[in-house]
Amino acid sequence: MFWRETYIVFRRQLRMALRNPAWVIIGLVQPILYLCLFGPLLEPLAGTLGAENAYTLFVPGLLVQLGLFGALFAGFGLIAEWRAGVIEAERVTPASRTALLLGRILRDVLQLFVQGLVLIGLAFLFGLTGSLPGMALGLVLTVLLGAACAAASNALALTTKSEDVMAPVINSVALPVLLLSGILLPMTIGPQWLQVVSDFMPTKYIVNAIRELFTGDFWTITTMWGVLWTLVLFAAGLWVGTRTFRRENA
Amino acid sequence: MIHARGLARTFEGRGRGKAQEEVKAVAGVDIDLAEGEIVGFLGPNGAGKTTTLRMLTTLLKPTAGSATVAGFDVATQSQQVRRSIGYVSQSGSTSPEARAGEEVVDHGMLYGISQKQAESRGRELFEQLDLEGLWERKPQAMSGGQRRRLDTAMGLVHDPTLVFLDEPTTGLDPQARANLWTHISDLRTRRGATIFLTTHYLDEADALCDRILVIDHGSIVASDTPDALKRQVAGDLVSLVVADASKAAAAAELLGRIADTEVEVTGAQAGAAVSARVRGAGHEVAGLIRGLDAAGIDLESIEVRRPTLDDVFLDLTGRSLREQGA
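If you read the protein sequences in the order shown, they are chains A and B.
Take 2 as the starting number for the first sequence in the working numbering and just add one per residue.
Take 13 as the starting number for the second sequence in the working numbering and just add one per residue.
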């Protein structure tokens, strides 16, 4: 029953998204723009940053950025649905509350997965080299992180029920995370104090882990930390999300 | 179908400071609905209608009291309650950019019925609710009346025996309202459904309901048939406009003989109005006119108005329902 309900919600979300050309195009164009417009800037810098290949350094960061940003904004769609009465209508059915959340998250996760595939595939054209299983694992970590963010974003949406409240919250979270995770440039080139601050950012460990995975280093301390943090965030995101969806009057 | 006892809901006030203020949205209501009844739940905005409805439909937990809906306890058997009831909320139920038919099918499937069943049931409802040809239409391209009927179809796709309608006709034009009323009363005649609807339109309650519950400040202040409620108001309102104001006192004296309330005289100049409530005015008024005639009092007009539910509401709560209505 639970999986059937999750599937019904997922199918509905996906159908509506696919019918919206803007959603499909923007989703695919984003990673392409980063690769084409930012990637070339990094190429001459790769050596000084301690990487043999600029794209092995850059693509993991882009993956995490996709996971964070795409998913953190997922909640805005939920507010629109809530306003249209859809959430309340679904809550008077006997369907599991967790299924209502999970079906939505799965759509965001699928979007992220496809975007990640496009990004990695395209990066090969630009000269990406590295370990294929490592890239696959990196994509899995990205998807799990995205699921956590989508769940948290949906929870926030259902709690605030207002785009005006939610937008500043998301932005004030996303920007420091973006800057302190070494997404675009590795934190190791920064001054000591900046590195210390970034040590408190779980996503930095995830970015670093995906970078190592891309180069084929599976069993290092860095990848272990990254995997651990991904799982912690994933569990926390789902916990907050299901709790909010199960709460009465949410 | 519904038995509620002392059902209450208090919200924590959001006031700052130490003292947590408690707001009693619903202060303990008893509600009973028999199978096949259409009952109207009437009250001004903020009286506790929607809160009560949300408790009965398991969307909100009562803070006190108990209720069984369709034979199941709302607190402990919410799953079974949800399976047995249909709920048409006032805020809509479909995404504007989804397709109407798909929304109905998905909604039915969330109730556990198969896609095939949901589809045939949905198409049948579209036919009954005058939504033929709109299966592929997006709700954003529908009129207000069509959207409300689509919401109704959403609430009925799993064939519930008890249907909750929250202000079903708010915001509709008179023609669309009358049309939806037909569909609502059809629900009972065709499907034997029990219907509980909230409204702040008195004519709606009057036209549709076997029985009316009036809620004000979180408590039920009356429960009866529309006619019995109107009878509670002391009679029909008889208003005379006297051509010669100096004879108003004499007219008031004559009206006072048959009146059941104090006679009110307004306007001392030309065209003074004299009014009072009279039980069974239809029977009494002929004699009154003969008496006025014999006394040589000329009337500019005479009006006999049957009590409306608005009068009932004014009587019960001391304020008019229309002032509050949106």
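No wet-lab data here; the hints were simulated from the structure.
From the three backbone atoms N, C-alpha and C, an ideal C-beta is built for every residue, glycine too.
Incorrect hints may appear among the rest.
Dumping the calculated DSS-like pairs for lysine-lysine here, alpha-carbon to alpha-carbon at most 25 Å [unchecked claim]:
id, chain 1, residue 1, chain 2, residue 2
1, B, Lys128, B, Lys150
2, B, Lys36, B, Lys73
3, A, Lys162, B, Lys73
4, B, Lys128, A, Lys162
5, A, Lys162, B, Lys150
Covered by chain A, per the in silico footprint, the following chain B stretches (three or more residues, Cβ under 8 Å) [said to hold, decoys possible]:
id, stretch
6, 67-74
7, 98-112
8, 222-235
The hints, checked one at a time:
no., hint, in the structure
1, B:Lys128 x B:Lys150, "holds (21 Å)"
2, B:Lys36 x B:Lys73, "holds (14 Å)"
3, A:Lys162 x B:Lys73, "holds (20 Å)"
4, B:Lys128 x A:Lys162, "violated (35 Å)"
5, A:Lys162 x B:Lys150, "holds (24 Å)"
6, 67-74, "holds (count 5)"
7, 98-112, "holds (count 10)"
8, 222-235, "violated (count 0)"
Of the numbered hints given earlier, the model fails hints 4 and 8; all others are met.
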